[in-house]
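Participant: Chain by chain, the residues:
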Amino acid sequence: MLAQFLQFLFSGVTVGATYALAALGFTLIYNASNVINFAQGEFIMLGGMLAVFFVQSGLPLPAALVLAILVPAIVGILIEKLAIEPVKGAETVTLIIITIGASLVIRGLTAVIFGKGTHSLPAFSGDEPIQILGATLMPQSLWVLGVTAIVVVVLWYFFNRTLTGKAMLATSYNRVAAELVGINTNGVLFMSFAMSAALGALGGILVTPITLTSYDAGIMMGLKGFVAAVLGGLGNGLGAVVGGLLVGILEAMGAGYLSSAYKDAIPFVLILFILFFMPRGLFGARVTDRV
Amino acid sequence: MRNRAYNGLYIVIAILLVLPFVLPNSFYLDLVIRMAINAVIVLGLNLLIGFAGQISLGHAGFLGIGAYASAVLPTHFGWHPVLAMVAGAVATGVLAALVARPIFKLKGNYLAMATLGLGIILSIALRNEAQWTGGPDGMPVPAFGVFGFELSSDKHWYWVVAVLLSVSVWASLNLIDSPFGRALRALHGSEVASRVVGVDVVRYKVSIFVLSAVFASLMGSITAHYVGFVTPNLADFFHSIELVTMVVIGGMASVYGSLVGAVLLTALPQALATFEGWETVVFGAILMICMIFLPKGLVPTLAAKLGKGE
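Residue numbers (the numbering used here), protein chains in the order written: chain A, 1 to 291; chain B, 1001 to 1310.
Just chain A, same shape as in the assembly (with noise of 0.2 Å):
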């Protein structure tokens, strides 16, 4: 009984803390911006994607890791000069539809170049089972979680004690306000584009070795982050976390005791059900909105 709930806790918090990544993503270029990247699950894919090239292609598995990072961080950099700075101020779904346009040309370019196959990487320090009251814990696991709360910890102290991180809270609470007062605003939606490519990157990274990789792997990892950005509250930090954690065990716990066939409908219903009664999520702002 213990065992299997543990069992299901363990893969659950290990989805849940990429989902977290993909949520902090999400929460970094919507407060910066108000929009809703729709690509962020490309860069989960790609970091798993390129991490696997860059091993098989012989080099050490730092520095594939720190290229498999660096890339998609490039890449959103580019997805925002080209395609989000252009049309600021547009409406909401014109900028869904173009971040939605960038997220099918890099799937559809890494088809091209890496094929259509499933792809896996070795675990960073062996596959060797650690047994916890009659459950099992992959050591891989433990890479996720920790390295998601040394992520946690240093945006925490980014945003709260250096003047860059700052200055990105305050375009995220007002862009005007934060532009008078001096704040490149522009040099923040830059920032925020290549900071949350790379948490996706990372977040991809990491978990490649448990659940594999391949092109379209992106799609659901990115729809789930959504659900968990919303359910912590759209442009909140917190939030993002304990909404991608939750996100993670609720589809565990489901796909365990309830039905495995539908895993990937459960974060769906979670979040109809949390929209229908807190339709800000569970730590979103009241906000007014000026007529």
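Since the hints were made in silico from the structure, they are not lab data.
A hint or two may mislead.
The following label-pair restraints were derived from C-beta to C-beta distances [said to hold, decoys possible]:
(1) B:D1177 - A:V181: 18 to 28 Å
(2) B:I1289 - A:L258: 39 to 49 Å
(3) B:D1177 - A:V153: 53 to 63 Å
(4) A:E179 - B:S1178: 41 to 51 Å
(5) A:L258 - B:K1305: 54 to 64 Å
(6) A:P62 - B:W1132: 49 to 59 Å
Beta carbons are placed, not taken as given, at the ideal position from N, Cα and C, and that holds for glycine.
Given chain A, put chain B in place with the hints provided.
Facilitator: Only chain B this time, still in chain A's reference frame:
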């Protein structure tokens, strides 16, 4: 303004009357039928997105309900196709109305999330309930007939769809100029302001959402009978996106934009088939380029250009 709008309708009808006699072969007839079916769905969706300013990323789910009602009910329960089609539309309407009230307390991106979630749940259910739906492989749909007259050839279907399209264009033009349409445009402009002048904002949003969902469901049934086969792809997220893209590329809040968007995006995959393997990349690039350079969509942008030229 009014006369000019109707001129467009006459042109559409004229084109529809001439088309079957000038199309070189059945491949093009099939393409035109699918364009017209999409155009009707997009007209409904544009009322929601363009005129009322609400986003739906799950419309393909409603299309799927209609399509599968027409496939499952006659096959497994022996229902008459007309009855099945109506049942699908009613079920869609009820579902849309049930979820719409809570959903329309939401705005913008939250609304996008809720409709997206609804669409994904529906498409996963269609994939999983294989004993009824045939699962990912899909299932055949029985032929459609009324009063002993069976719709079998593409020619028959063409005229059915052509009439539906003309009626939909006419109805959309009228709806936009009715008090209902003015209320929709008002709440797109400013919800608070429209509430102040006495528009029941939630009721109008729910009505237009239900209306466009029922449109999609009916056309889903038509698609199912016309193609003779349904697969869960009809209902999936990507198809929802395609439909929204047709609205936005043609032009939001533009009746004729809906037609242009549907025609272009239905033809695009055929045109891209020559790019072997690169279709997705080119499709994505075209979406981005259109939105960056014509954020208002083709028809409104061109209309503005021509208006200046005069």
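Participant: Each hint needs a verdict: does it hold in this structure or not?
Facilitator: Each hint, compared with the structure:
Between D1177 (chain B) and V181 (chain A), the C-beta spacing of about 48 Å breaks the proposed range 18 to 28 Å. Between I1289 (chain B) and L258 (chain A) the beta carbon distance is about 44 Å. The supplied range of 39 to 49 Å therefore holds. Between D1177 (chain B) and V153 (chain A), the C-beta spacing of about 59 Å keeps the proposed range 53 to 63 Å intact. Between E179 (chain A) and S1178 (chain B) the beta carbon distance is about 43 Å. The supplied range of 41 to 51 Å therefore holds.
Range check, L258 (chain A) to K1305 (chain B): about 56 Å between beta-carbon atoms, so the 54 to 64 Å window is met. Distance hint for P62 (chain A) and W1132 (chain B): a CB-CB separation of about 52 Å, consistent with the stated range 49 to 59 Å.
In this structure, the one hint that does not hold is number 1.
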